[in-house]
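Protein chains in written order, with the working numbering: chain A, 16 to 91; chain B, 22 to 426.
Everything labelled a hint here was simulated from the structure, so no lab data went into it. The reader is advised that the hints may include incorrect statements.
Claimed, not checked - Here are the computed lysine-lysine pairs in the DSBU-like style, where the Cα-Cα straight-line distance is at most 35 angstroms:
1. B:338 x A:43
2. B:97 x B:193
3. B:376 x B:217
4. B:376 x B:193
5. A:39 x B:145
6. A:43 x B:190
7. A:43 x B:376
8. B:97 x B:376
9. A:39 x B:193
10. B:217 x A:43
Unchecked claim - Covered stretches of chain B, going by a simulated chain A footprint (3 or more residues, C-beta under 8 angstroms):
11. 254 to 263
12. 411 to 422
Keep in mind the model is a prediction, meaning the values are calculated, not measured. Even glycine gets a Cβ: it sits at the ideal position worked out from N, Cα and C.
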Amino acid sequence: MKTRLIIGLLLLGLVGVSGCAEIKPWVKPYERNNLADPIMSLDRHGAAGSYIHHVYQAREGARGAEGGAGGGCGCN
Amino acid sequence: MVQEVVVVVIKSSVSAVISKKPFFKAFLGLLITVNSLLGSSSAIAGTLPVDSVDILYHRFDGGGMEIDGPFVLLRKSIGTQVSVNGHYYIDSVSAASIDVVANASEYTEERTEISAGVDFLHEKTMISTGYTNSEENDFEADSVFLSIGQDFFGDLTKLTMGYARGWDKVGKIESDFSEDVDRQIYKLGMSQVLTKNSLMGIDIETISDEGYLNNPYRSYRYFDSDPSQDNGDGIATEVYPETRTSTAVAVRGLYYLPYRASIKGEYRYFNDSWGIDAHTYEVLYVHPFGRQWTLEGRVRRYSQSSADFYSDIFSHKGAEDFMARDKELSTYTGMTYGGGVTYELGQGVIPHVNKLKLTLLVDYLKYEYDNFRDVTAGGGNLTAGTEPFYEFDAWVTRASITFEY
């Protein structure tokens with residue numbers, strides 16, 4: 016219940032923030048060369064990265080929020 | 022039984038490789054800007070994943086378990102808005118772990134998993150959906166997921182929400198035992214560019230399970246005064262609650278160092294309705310050498326407290342409503358020390374291949390348990406409750422070849 020409340024509040028906050036259309040990007044596109052470097056990816060290894068999460072999920076009680084946002088079944 | 026289902030989330034890798042030759046600084050500055058627009062759009066803004074073939078060989082060796090097999094993943098775009106993907110994954114298991122040695126016979130088995138998925142891009146919104154099936158001789162799992170990602174604020178912010186549903190069928194070899202598990206997963210993720218050299222991510226994930234959550238092969242143990250029990254203990258089938266709800270919150274930060282290297286820090290807090298609290302810390306350092314070689318090293322620490330109904334040995338048979346002796350529910354700490362090397366070849370080396378990437382990653386894992394005893398110690402003849410605490414180490418190897426085309 017507490018978790019759903021937190022997620023609900025976060026969603027509400029994001030909806031509220033996204034309504035402020037006047038916020039301008041503080042890092043300009045031409046300043047993003049370092050960010051575009053492959054070494055700045057949160058998930059560089061694709062399938063190999065997924066596999067190591069799988070190794071941990073089978074041996075540890077904790078599960079979820081492993082990163083690499085964007086789908087996945089997340090089953091245990 | 023191996024209750025392991027891989028989560029396959031493949032993000033597009035960023036294609037830009039940045040040269041740092043000073044002689045062409047001005048010219049390269051322009052190229053870098055163009056690259057950054059494309060590259061950052063891959064990393065941050067909504068673009069379809071790159072078409073690729075990813076072939077991974079994986080191996081886990083330690084704690085009496087040897088698991089290896091292939092993992093093949095394909096991605097192909099159809100037009101400019103749709104990308105389809107599928108994977109095929111095998112775990113070939115040879116098991117003589119402490120859980121098996123203590124209560125059962127060594128075994129070998131194989132688990133096969135297949136999946137199919139679609140990504141659909143509309144302006145800055147990415148909708149992804151997919152189906153996964155996993156089968157072994159005593160276990161079957163099906164799952165579906167749907168996720169939506171959206172970029173905001175000049176693509177500095179990316180928000181992702183996901184929902185997944187899973188249905189497991191738990192069986193037992195050489196019996197007609199069959200039980201179900203239903204699972205629901207809620208995910209919320211955000212990545213945020215902080216400065217031109219740093220970004221961060223926050224992920225929240227809640228999972229709720231309902232059904233038969235035991236491992237049907239495992240037992241709890243209890244003090245038994247029956248003189249036929251040499252060591253003073255007896256065993257009985259575990260009794261788990263039929264529901265579990267867990268929440269994990271993770272924060273990650275990634276910083277670009279002045280000499281072209283990156284450092285990533287990560288913390289995850291986990292809590293569930295069984296009373297487990299867990300903390301995960303990880304630091305990763307990535308250092309490229311030239312355009313083709315990249316080295317990396319990482320350290321990870323995991324620790325957790327026991328589930329409320331865990332005990333290494335209960336006072337007597339049926340002592341509590343719920344009883345478990347799975348080491349995954351005990352109090353313990355796990356360390357990982359890992360290293361890796363990546364070698365990349367760019368366009369022109371192989372016809373129709375834009376990039377070829379070879380990766381080798383090796384990790385050393387060490388787990389030390391604080392209240393799970395090694396019942397096999399001393400030839401299994403020690404008095405119940407006096408055995409040393411269990412520990413094991415393992416090597417995990419991942420070798421992959423990736424073609425982007």
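Structure-based check of each hint:
1. With a C-alpha separation of about 67 angstroms, the suggested pair residue 338 of chain B and residue 43 of chain A falls outside the 35 angstroms cut-off, and the hint is violated.
2. Among the hinted pairs, residue 97 of chain B with residue 193 of chain B is inconsistent with the structure: their alpha-carbon atoms are about 38 angstroms apart, more than 35 angstroms.
3. A C-alpha spacing of about 26 angstroms is found between residue 376 of chain B and residue 217 of chain B, which places the hinted pair at or below 35 angstroms, so the restraint holds.
4. Proximity of residue 376 of chain B to residue 193 of chain B is assessed by CA-CA distance (about 45 angstroms); at most 35 angstroms being required, the pair is judged violated.
5. Between residue 39 of chain A and residue 145 of chain B, the direct Cα distance comes to roughly 17 angstroms. Compliance with the 35 angstroms bound is thereby established for this hinted pair.
6. With a CA separation close to 51 angstroms, the supplied pair residue 43 of chain A and residue 190 of chain B exceeds the 35 angstroms bound.
7. Note on residue 43 of chain A and residue 376 of chain B: the hinted pairing holds, with a Cα-Cα distance of about 28 angstroms set against a maximum of 35 angstroms.
8. At roughly 15 angstroms between alpha-carbon atoms, residue 97 of chain B and residue 376 of chain B fall within 35 angstroms of each other, so this suggested pair holds.
9. Restraint check for residue 39 of chain A and residue 193 of chain B: not satisfied, since their Cα atoms lie roughly 58 angstroms apart, outside the 35 angstroms limit.
10. Under the criterion of a C-alpha separation no larger than 35 angstroms, the hint pairing residue 217 of chain B with residue 43 of chain A is consistent with the structure, at around 8 angstroms.
11. Beta-carbon proximity to chain A at under 8 angstroms applies to 0 residues in the stretch 254 to 263 of chain B; the threshold of 3 is not reached and the given coverage is violated.
12. Only residues whose beta carbon comes within less than 8 angstroms of a beta carbon in chain A count, and the stretch 411 to 422 of chain B has 3; three or more means the coverage holds.
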